[in-house]
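Line by line, the protein sequences are chains A and B.
Numbering follows numbering that gives the first Met the number 0, with no gaps: position 55 of the first sequence is 54.
Numbering follows numbering that gives the first Met the number 0, with no gaps: position 115 of the second sequence is 114.
These are calculated hints, taken from the structure and not from any lab test.
Incorrect hints may appear among the rest.
[Said to hold, decoys possible] Taking lysine to any residue pairs in the SDA-like style, the calculated list, with each CA pair at most 20 Å apart, reads:
1. K162(B) - K72(A)
2. K105(A) - A91(B)
3. K107(A) - T161(B)
4. K105(A) - L167(B)
5. K123(A) - S136(A)
6. K188(B) - K123(A)
7. K178(A) - P122(A)
8. K162(B) - K5(A)
9. K162(B) - K123(A)
10. K188(B) - Q130(A)
11. K90(B) - E75(A)
12. K72(A) - A191(B)
13. K162(B) - Q130(A)
14. K188(B) - F269(B)
15. K72(A) - T161(B)
16. K72(A) - K92(B)
17. K90(B) - H52(A)
18. K188(B) - P122(A)
19. K92(B) - E75(A)
20. K72(A) - H177(B)
21. K72(A) - D175(B)
22. K188(B) - S92(A)
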Amino acid sequence: MLLDVKNIDVLYDDFQVIWDVSINVNKAEMVALLGPNGSGKSTILNTISNLAHHKNGSIHFENDLISEIPTYKRTELGISHVLERRRVFPHLSVMQNLLLGAWHPKAKEQLDISLSKIYKIFPKLEARSNQLARTMSGGEQQMLAIARGMMGLPKLLMVDEPFLGLSPMVMKDLIKIFKNIVSEGISILFVEQNVRLALSMADRGYVLESGRLVIHGKSEDLIDNEKVTKVFLGS
Amino acid sequence: MTSEIILQAIVTGLMMGLIYALIAAGLSLIFGLMEIVNFAHGEHLMLSMFSSFWLWSLFGLDPIFSIPITILLMAFCGIITHYFLIRYILKAKMLIQICATFGLSIFIRSIAQLLWTPDFRNVDKPLLEGRLEIGSVFIGQPQLIASLVCLVAFIGLYLFVTKTETGLALQATAQDRHAAEILGIPSNKMFAIGWAIGLGCVGVAGGMMANYFFIFTDVGINFALFAFVAVALGGFGSIIGCLYAGVIIGLVESLGGLLIDPSFKLLYVFAIYLLVVIYRPQGLFGRY
């Protein structure tokens, strides 16, 4: 098991937002984290990155307990997190954004190889390598954000709402890219509100409601599940 | 009024402006990085002048030679400031942040007055003395060297921030702290580096000014105010903006003093500040 999150509670000040959630991700697996607005999906990714701290429970990565490891040391372990709304560095060039993605020594060593790999997957980024990130379209920024995450040589790539605001064309590209990434042995954990879209590409899914896990299982079992429909449509 | 006098005022203004620019760059760097305004910037300048003074008075080290020591001391002072004060208020409300650095300024100034009395001091017979006469324009040698050193330091700072890996990480942290942290760039370390460099800039300016300026515990107040005006005029977070703004302020100060009335010199500078706030709040090169 690559990532094993066990029974975590997360509180913002005194307000509990995540209740006793457990999820796990295997090697080369695509897992979707589903749920309506405000159900705590992003908080779970943020907790795995230690941007939010968890009470109780544990987070293991490759069988090592990582609960107390600070955020900036997690890329080196092999966890890359693409934050919600891209969060590229707007006043830096595409190239500079990518360079910053390869920050830890191992990633720096592999810089040239990673770059040529990234440019093969995202040819547009090579053509625009000197352009400032803020001048690119939303779809291009999303590609850049994912490419930047890949530069850190992750074993687990976490992506928060990758399809938000993308055109159907770009969406299709991105789905293909995700599948390629997984076929290279990298796991993807992503957050999505569109259940059908998410389950059509993921191997497994977890459904959250108000910070609690409602149901989880294989995509094909979830896709027409009554419980899942209930969460999204209300009872 | 002859053109020589105007030329003289321009040269004087330029030389002063380069010093203002470097002081403002330190302030701007810290603000751009963590959105904290260092209201103790003037006091840090005062400390660097005193560092230069004491190194001269106790060890006989001329200000021109003690510059590296002063820079290191100020960089160290910056790291200490971050470690013991700033890191605790990073997430605090703005008012608390203002009170913290403003309180620090009063603290430093009071301690300085207690230790060194409010007397005016100066470095007697420094190596840099005298003046050059070019045509009909007089240029004080210490002033000229100080402004050139500040310009070189400014260019060095600019190249460091834009061309080096650490500089890139500083920019990334300034633009999106969490996104940078998640890529493996520890923001706390970047903040400490930012403070070290920011106060290092002040160390260069203060150390060079110790050659010809009176050194006293309130000396930083006006310089800090000018630095605030320069940062606002240049644009918050823009380092290159500080260079233009610093020079503009230096010129306005000296030309305004010459053409209108020298006793209102400060007024002209602060008038710029008001104009900027009203008509171009983002400054000349600002992003915000």
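With the threshold set at 20 Å, check whether the alpha-carbon distance from K72(A) to A191(B) stays at or below it.
holds, 18 Å
What's the verdict on K178(A) and P122(A), does the C-alpha distance respect the 20 Å limit or exceed it?
Cα-Cα ~17 Å, so holds.
Keeping to a limit of 20 Å between CA atoms, is the pair of K162(B) and Q130(A) held or broken?
The hint holds at about 16 Å.
For the pair we were handed, K162(B) and K123(A), check the Cα-Cα distance against 20 Å.
violated, 24 Å
Pair hint outcome, K188(B) versus Q130(A) [Cα-Cα no greater than 20 Å]:
violated, 28 Å
Straight-line Cα separation of K90(B) and H52(A) no greater than 20 Å?
holds, 16 Å
For the pair we were handed, K107(A) and T161(B), check the Cα-Cα distance against 20 Å.
Given that 20 Å is the threshold and the Cα spacing comes to 19 Å, the pair holds.
CA of K72(A) to CA of H177(B), is that 20 Å or under?
Holds, at about 13 Å.
If you draw a straight line from the CA of K188(B) to the CA of P122(A), is it 20 Å or shorter?
Distance of about 35 Å is beyond 20 Å: violated.
Pairwise hint evaluation, K72(A) against K162(B), where the allowed Cα distance is 20 Å at most
Violated: K162(B) and K72(A) sit about 25 Å apart, past 20 Å.
Hey, K105(A) versus L167(B), does the alpha-carbon distance stay inside 20 Å?
holds, 19 Å
Could you grab the alpha-carbon distance between K72(A) and K92(B) and see if it respects the 20 Å cut-off?
Measuring from Cα to Cα gives roughly 28 Å; hence the hint is violated.
Of the numbered hints listed earlier, those contradicted by the structure are 1, 2, 6, 8, 9, 10, 11, 14, 15, 16, 18, 19, 22.
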